[in-house]
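**Q** Chains as they are written, first to last, in my numbering: chain A, 1 to 239; chain B, 1 to 216; chain C, 1 to 216; chain D, 1 to 220; chain E, 1 to 220.
Check each hint, because a few of them may be wrong.
[Claimed, not checked] In silico SDA-like cross-links for lysine to any residue, where the CA-CA straight-line distance does not exceed 20 Å: (1) K145/A with L108/B; (2) K46/D with G113/A; (3) K10/D with E51/B; (4) K46/D with G108/A; (5) K166/B with F85/D; (6) K166/B with I86/D; (7) K166/C with L88/E; (8) K23/C with L216/E; (9) K80/A with L88/E; (10) K228/A with R31/C; (11) K34/C with F79/C.
Simulated from the structure, these hints should not be mistaken for laboratory data. Just so it is clear, the structure is predicted and the values come from calculations on it, not from any experiment.
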Amino acid sequence: MGSPPLFYRWSSKALVWLGVSSIITLSLGLFMGIGLSPADYKQGDVYRIIYIHVPSAIMGESIFIFMALCGFINIIWRAKISGMLLKAAAPIGMSFVLLVLTTGSIWGKPTWGTWWVWDARLTSTLILFFIYAALIGLHSTIEDKIKADRAVSILAIVGVAIIPVIKKSVDWWQTLHQPSTFKLTSAPSMSPEMYQPLLICVIGFYLVFAFILTLNLRNEILERESSKKWVKEVIGNQS
Amino acid sequence: MSLRFSYVKLFGKIALSMLPYLKVENLSCFRSDKALFQDLKFDVLPGQNLEILGSNGSGKTTLLRILLGLLKPDAGSIFWLDDQQNYNNYRTFSCFYQGHQLAVKNLLTVAENIQMTKASKNIDIEAISKCISRVGLIDPHEYASNLSVGQRKRISIARWLLDFHKIYFIDEPFSALDDEATQLIQDLILDLNSKGSSFVITGHRSSGIEATHINI
Amino acid sequence: MSLRFSYVKLFGKIALSMLPYLKVENLSCFRSDKALFQDLKFDVLPGQNLEILGSNGSGKTTLLRILLGLLKPDAGSIFWLDDQQNYNNYRTFSCFYQGHQLAVKNLLTVAENIQMTKASKNIDIEAISKCISRVGLIDPHEYASNLSVGQRKRISIARWLLDFHKIYFIDEPFSALDDEATQLIQDLILDLNSKGSSFVITGHRSSGIEATHINI
Amino acid sequence: MKSWTYILLKRDLLIAFRRSATYITPLIFFLIVITFFPLALGPQEKLLSSLAPGVIWIAALLASLLAVETIFNEDFRDGTLDSFFISLEPTFILVFVKVFIHWLITGLPLLLASCVAALVLYLPFESVSAMILSLILGTFFMSLLGALGAALSLGKSAILSAVIVLPFSIPTLLMGTSVIASAINNQEYTGFLMIMGGMLAIGIPAICLLTVEALLLSYD
Amino acid sequence: MKSWTYILLKRDLLIAFRRSATYITPLIFFLIVITFFPLALGPQEKLLSSLAPGVIWIAALLASLLAVETIFNEDFRDGTLDSFFISLEPTFILVFVKVFIHWLITGLPLLLASCVAALVLYLPFESVSAMILSLILGTFFMSLLGALGAALSLGKSAILSAVIVLPFSIPTLLMGTSVIASAINNQEYTGFLMIMGGMLAIGIPAICLLTVEALLLSYD
Ligand code: HEM
Ligand SMILES: Nc1ncnc2c1ncn2[C@@H]1O[C@H](COP(=O)(O)OP(=O)(O)OP(=O)(O)O)[C@@H](O)[C@H]1O
Ligand SMILES: Nc1ncnc2c1ncn2[C@@H]1O[C@H](COP(=O)(O)OP(=O)(O)OP(=O)(O)O)[C@@H](O)[C@H]1O
Ligand SMILES: [Mg+2]
Ligand SMILES: [Mg+2]
Chain A
1 MGSPPLFYRW
11 SSKALVWLGV
21 SSIITLSLGL
31 FMGIGLSPAD
41 YKQGDVYRII
51 YIHVPSAIMG
61 ESIFIFMALC
71 GFINIIWRAK
81 ISGMLLKAAA
91 PIGMSFVLLV
101 LTTGSIWGKP
111 TWGTWWVWDA
121 RLTSTLILFF
131 IYAALIGLHS
141 TIEDKIKADR
151 AVSILAIVGV
161 AIIPVIKKSV
171 DWWQTLHQPS
181 TFKLTSAPSM
191 SPEMYQPLLI
201 CVIGFYLVFA
211 FILTLNLRNE
221 ILERESSKKW
231 VKEVIGNQS
Chain B
1 MSLRFSYVKL
11 FGKIALSMLP
21 YLKVENLSCF
31 RSDKALFQDL
41 KFDVLPGQNL
51 EILGSNGSGK
61 TTLLRILLGL
71 LKPDAGSIFW
81 LDDQQNYNNY
91 RTFSCFYQGH
101 QLAVKNLLTV
111 AENIQMTKAS
121 KNIDIEAISK
131 CISRVGLIDP
141 HEYASNLSVG
151 QRKRISIARW
161 LLDFHKIYFI
171 DEPFSALDDE
181 ATQLIQDLIL
191 DLNSKGSSFV
201 ITGHRSSGIE
211 ATHINI
Chain C
1 MSLRFSYVKL
11 FGKIALSMLP
21 YLKVENLSCF
31 RSDKALFQDL
41 KFDVLPGQNL
51 EILGSNGSGK
61 TTLLRILLGL
71 LKPDAGSIFW
81 LDDQQNYNNY
91 RTFSCFYQGH
101 QLAVKNLLTV
111 AENIQMTKAS
121 KNIDIEAISK
131 CISRVGLIDP
141 HEYASNLSVG
151 QRKRISIARW
161 LLDFHKIYFI
171 DEPFSALDDE
181 ATQLIQDLIL
191 DLNSKGSSFV
201 ITGHRSSGIE
211 ATHINI
Chain D
1 MKSWTYILLK
11 RDLLIAFRRS
21 ATYITPLIFF
31 LIVITFFPLA
41 LGPQEKLLSS
51 LAPGVIWIAA
61 LLASLLAVET
71 IFNEDFRDGT
81 LDSFFISLEP
91 TFILVFVKVF
101 IHWLITGLPL
111 LLASCVAALV
121 LYLPFESVSA
131 MILSLILGTF
141 FMSLLGALGA
151 ALSLGKSAIL
161 SAVIVLPFSI
171 PTLLMGTSVI
181 ASAINNQEYT
191 GFLMIMGGML
201 AIGIPAICLL
211 TVEALLLSYD
Chain E
1 MKSWTYILLK
11 RDLLIAFRRS
21 ATYITPLIFF
31 LIVITFFPLA
41 LGPQEKLLSS
51 LAPGVIWIAA
61 LLASLLAVET
71 IFNEDFRDGT
81 LDSFFISLEP
91 TFILVFVKVF
101 IHWLITGLPL
111 LLASCVAALV
121 LYLPFESVSA
131 MILSLILGTF
141 FMSLLGALGA
151 ALSLGKSAIL
161 SAVIVLPFSI
171 PTLLMGTSVI
181 ASAINNQEYT
191 GFLMIMGGML
201 AIGIPAICLL
211 TVEALLLSYD
C-alpha cells in the first residue's frame, strides 16, 4: 500500500468489511449489555452506560498511543502515510474522549450527585481532551500539510506521557472514580455477564475506529493529491 | 469599464487647469543636528514625475514620509492642491504609498493581498486577475508566504492598478526586481502618467523614466 | 594583527591544494510539481566566485538555502571538501550567510550589531570600528532602528570582515545600495578572494565581478 | 463605495478565520487556566465556588492580555500601519475597528467557555447572567487597554506598556469580580455594571485616541 | 576564543535589558495575581496560608507563560535563526542557551517576587526555601516547555503556543504545590524535588532536541 492510488482502491474493499463487522459486533455487544445482562445490585440500570463509557475511554487512550507511534515513525523515517494516519485519527480520538466526559458526567449525576468532581482520573481525562484540542488546533494553523504533520507528531510524542497518568490515576491517588477492573495480569472482578458484553463492545469500538480512520484517510489522500491525475479520475467516476 | 471611465473623466478635468498636485516650499529636515536636506522646493504637476536621488542614508525615505505626513518636517510647508480647492491636509488627497515594507500579508493569498487594499470602489475578481497577470504573477491562490521577495514586490505593484490615485509615492521601485519587472514598471508609469497620475519615486541612480530629478 | 595573520596562514594552506570548497552534483528542486532547477552541477574553488542569475521567483534564494542545508533538495548531492578532509556536513565548514533578512537588531547599536555575530575569535573594538568605517557607516553608537535600509545592509557587510570564512553566501548583495556601496562590495570581494575566500552570490543581472555564472 | 474600515474588517477576520485555531485556542486556553485552580488549591466545592468569580476573571484577563499583545506588531512591521495614517478615514476609527475585530475573535468565545467554567467551579446558576454581562464589558475594556499597551511597546518605550496596562486592569478585575460575587449573594449589581459601562464609554474614545498617539510615537 | 553561544548570551541579555518590559511584565503580572487572592477571599490568615502554595505556583506558571511565547519570533523574522542552523555549534545547544537566557530574564525575577508573595500570603517562614527550590526547577521547566510551544507555533498566534504548553505544565504545578505544602506540614519534600529534577534532567535534552525539530519545520 505504498502508493496512494493503490491504497485508495484497496481500501474501498476494506471499508465494506470494516463497516459490516463493526455494526454487527457493536450491536451484539450493546444488545447483550443493555438488553440481556442483569441490572447492578447497587446502581440499577444506570450502570449500563458503562458499555459506552468504558470502551470509549479505552479508545480515547489507545488512539493517542496509536498517534504517538505514527508520530514517532513520521519523525524518524519521514513516512508520509504515518503523518496522514496521525491527522486522520486525531478527531476520532477527540470525539471518543468527549464521549467519555459526557457519559461520565451523565453517570456521575445520579451516582455521585454532581456533574463534575475534581478527581485525578476525571482531571487527567480532561487534560487528554485539551491535548487533543491543541494537536488539532496546531495542525489547522500550518498550511503546509507535511510540516503540520511533523509538528503534530512532536506534540503527540510528548503528549503520550499523559496516558499512563490516566491509567494509574486511580491507583496513585485516592479518588471517587472506580478503580481499574480490567487488567491484563489478573482475572476481572466483574461478573462474566457484565464483563463479556463489555469486551465485545470494546472490540466493536475498535472496529468503528478502524472504519472511520480509513474513511478519514481516504479523504485526506484525496485532498492532498487533488492536483494528481488519478484523483481527478476517481472524482470523475463518482459524479 | 468603470475604471477606464473615471480615469478619462478625471484626466479631462485635470487638463483644464494645470495646478500642481503637490507644492513644496523650503522643506528642511535635520537629524541629530545634521541637515538631511534643506530648503527643498519643488512642484509635482499632474501626469509628471519626480525622482529623488541620493546615496544610502541621504534621507530619501524620510522625505517621502514627510511628504505623506507620516513624519513632521523641521521647517517648510507642503501644499496639496486641486483644481477646485486648496487643502493643507494630505488626508483628503488620494495618494498611494509603497515603502520599503510592502504590506504583504503571509496568511493571505496573492489575490486576497491585492483585493484587500484601501480602494475607493468595489473591485471585482476579474479586475484583480487582470492586475495579477499584468505584473507577471502566475497563481492567484498561492499564499504570499510561499513567494520570493521579487514576487512579493510584484503584489504591491499590482495594487497600483486597482484604483485611480493622484500621486504614487514609491520608495525604490526598482530594487530586488529583474529586468522584465523593471521594464514592466516603466511601462506602467508611462501608462498611468497618461491617465493623469504622478509618481514620486526614489532611487540611487537615475532610472531612465521621464522625470524631474532632485538630488539630496 | 591576528586577523591578518590567520588569513595568510590559511591562504598558504589552501594554495597548496586546490580542492574545491564545495562540489554540487545533479542538484534538483521542485515546488508544486514544477522544477525550479534540475541537475545543477558546479564546483566552488577557493578564491573563486559563483554568480547565480535568474529572474524573480526562479529559485535563487531557494538554491542558496539548499546549499547551506537550511532546505532539503529533492535530488542530488552537495559535498563540502577541504584540503584534508572530505565532509558531507556543512556544519563543520566555515560559511557566512546573508539572506534577504539581514539579522540586524533594532535595539542594538551599529557597533553592537556587528560585534555580536558568530565569530571564531575575540573581536576588539578597534577591529569593529575599522570595519564600520570601511563600509561607510559613521556613528557606531547609533541604534539600528534609526538607520536607513541601505545602512542596515552595510552593517551586514561589515560583518564579512570580522572573521575568515571559506565561503560567503550572499543573497542579492547589490540591491538597495548606492553606487559607492556597490563599488565597495566589489572591492571587498576582490580583496577577500585574494585571501582565499569564495563568494556565492545571486542577482538578476551580471554584476561585473569575476565569477562563474549559472542561470536558473 | 467600499471604505477602508470595511476592508480592514474583512481582511482581519479572514486572516483570523483562515485557521479555526484562532478562535478556538483562547477558549481552550481559558479552560485550562481554570482547571489549574482546583488542581493547585484543592477540589473542595465550597472553596472553589467562593473563588469562582475571581478565578474566572483572572483567566479571562490573562486570555485577553495574551491575545491582544501583538495586535499591531505585524501591521507595523509590514507597513500596513502606514496606510492607516495616509487613509481618508480618521485613524482612531481604524484603531477602534482593529480592537473590535480582535475582541470578536478572542473575547466572544470566552463567553461560551465561561459557562463551562461556571459549571466546573460550582458557580451558582443564578449568577451566570451577571458573569456574562460583566465579561462582555470587561473583556472589551481589556482589549482596548491591551491595544494601548501594544501600541506603546512598538516603539522603544516598552516599559510603559506593562506599567500602564496591568494597573488599569485591576479595577476591571475588581469590578468584574464584584458583579459576580454580588449576584451570588443576591445583591444589586447593576451599579458595578454601570461603572464598567462608564469606563468603557470613556475608554473607547479616550483610549483609541491615546493609542493613535502611541502609534505615532513609533513614527518619529 | 569566543563561541557563538557566549555571544548569543550576551546579545540577548543586552536586548532584554534595553526593552525593560520583558522582565517587568511577568513580574507585575505575578504580583497582581497574588494580590488578587487576599482581595477576593478576605484577609483570614489561616485560609490564605493554606492556599498560598497553590496560589504562588499558579501565578508563577502563568507569568512565565506570558513571557516565553515570543522567544524565537524575532530571531525567525530577521534571519538570526538561519545563523543558528549554519553555525558550528549543535543547534540544540543554542536552543538551550536561548531558553536559559529567557529563564534568567523572566524566571529569576519571579523568585524575588515570590518572597514578597510568601509574605503577603502568610506562608510559614520555614517553607520559603522549599518554595524557592521548587520555583527554580519548575520555572526552568516551564521555560523549556514554552520554547517548544513557541517553536511549534512560530509565526502563529501567541495563545496557540500557550494552549500547547499548558496541559504539559500541570505535572509541574502539582509537584511544585506539593513541595511547598509538604514543607509547611514539616513533611519530607525531597522526593518531589527529585521528581522535578528528574523531569528537568530528561526534559533538557529531550525538549531541546524536539524544539530543534520544530524550528526546522519552518525551513521546509
Ligand atoms: C466525567 C466523568 C468521568 C470521566 C472523565 C471518566 C473517565 C474514565 C476513564 C478515562 C476510564 C478508562 C479506564 C481505563 O482505561 O482503564 C474510565 C473507566 C471507568 N469508569 Fe469512568 N469516568 C467518569 C465518570 C464515571 C462515573 C460517574 C462512573 C460510575 C460511577 C464511572 C465508572 C467507570 C468504570 C466502572 C470504569 C471501568 C474501570 C475499569 O474497569 O478499568 N466513571 N472512566
Ligand atoms: N514552501 C513553498 N511552497 C511552494 N512554493 C514555494 C515555496 N517556497 C518557495 N516557493 C516558490 O519557489 C520559487 C522560488 O523562490 P525563491 O525565493 O527561491 O526565488 P528567487 O529566485 O530568490 O526570487 P527573487 O529574485 O524574487 O528573490 C517561487 O516561485 C516561490 O513561489
Ligand atoms: N529617528 C531617527 N533619529 C535619528 N536619525 C534618524 C532617524 N530616522 C532616520 N535617521 C537618519 O536619517 C537618515 C536618512 O534615512 P532614510 O531612511 O531617509 O535614508 P534613505 O535615503 O532612504 O536611504 P536608503 O537608500 O538606504 O534607503 C539616516 O542617516 C538615518 O540614520
Ligand atoms: Mg530608503
Ligand atoms: Mg530571492
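**Q** Determine for every hint whether it applies to the structure shown.
**A** Here is how each hint holds up against the structure:
Among the hinted pairs, K145/A with L108/B is consistent with the structure: their alpha-carbon atoms are about 17 Å apart, no more than 20 Å. For a cut-off of 20 Å, the pair hint linking K46/D to G113/A stands: about 15 Å separates their Cα positions. Restraint check for K10/D and E51/B: the C-alpha separation of about 36 Å exceeds 20 Å, so the hint is violated. Distance hint between K46/D and G108/A is fulfilled; the C-alpha atoms sit about 19 Å from each other, no more than 20 Å.
Restraint check for K166/B and F85/D: satisfied, since their Cα atoms lie roughly 17 Å apart, inside the 20 Å limit. Proximity of K166/B to I86/D is assessed by CA-CA distance (about 13 Å); at most 20 Å being required, the pair is judged to hold. About 13 Å separates the Cα atoms of K166/C and L88/E, which keeps this hinted pair within 20 Å; it holds. Proposed proximity of K23/C and L216/E is contradicted: the alpha carbons are some 24 Å apart, above 20 Å.
Of the pairs offered as hints, the one joining K80/A and L88/E is violated, with about 31 Å between alpha carbons and a cut-off of 20 Å exceeded. Between K228/A and R31/C the alpha-carbon distance is near 14 Å, which keeps this suggested pair within the 20 Å criterion. Between K34/C and F79/C the CA atoms are separated by roughly 25 Å; this puts the pair beyond 20 Å, and the hint is violated.
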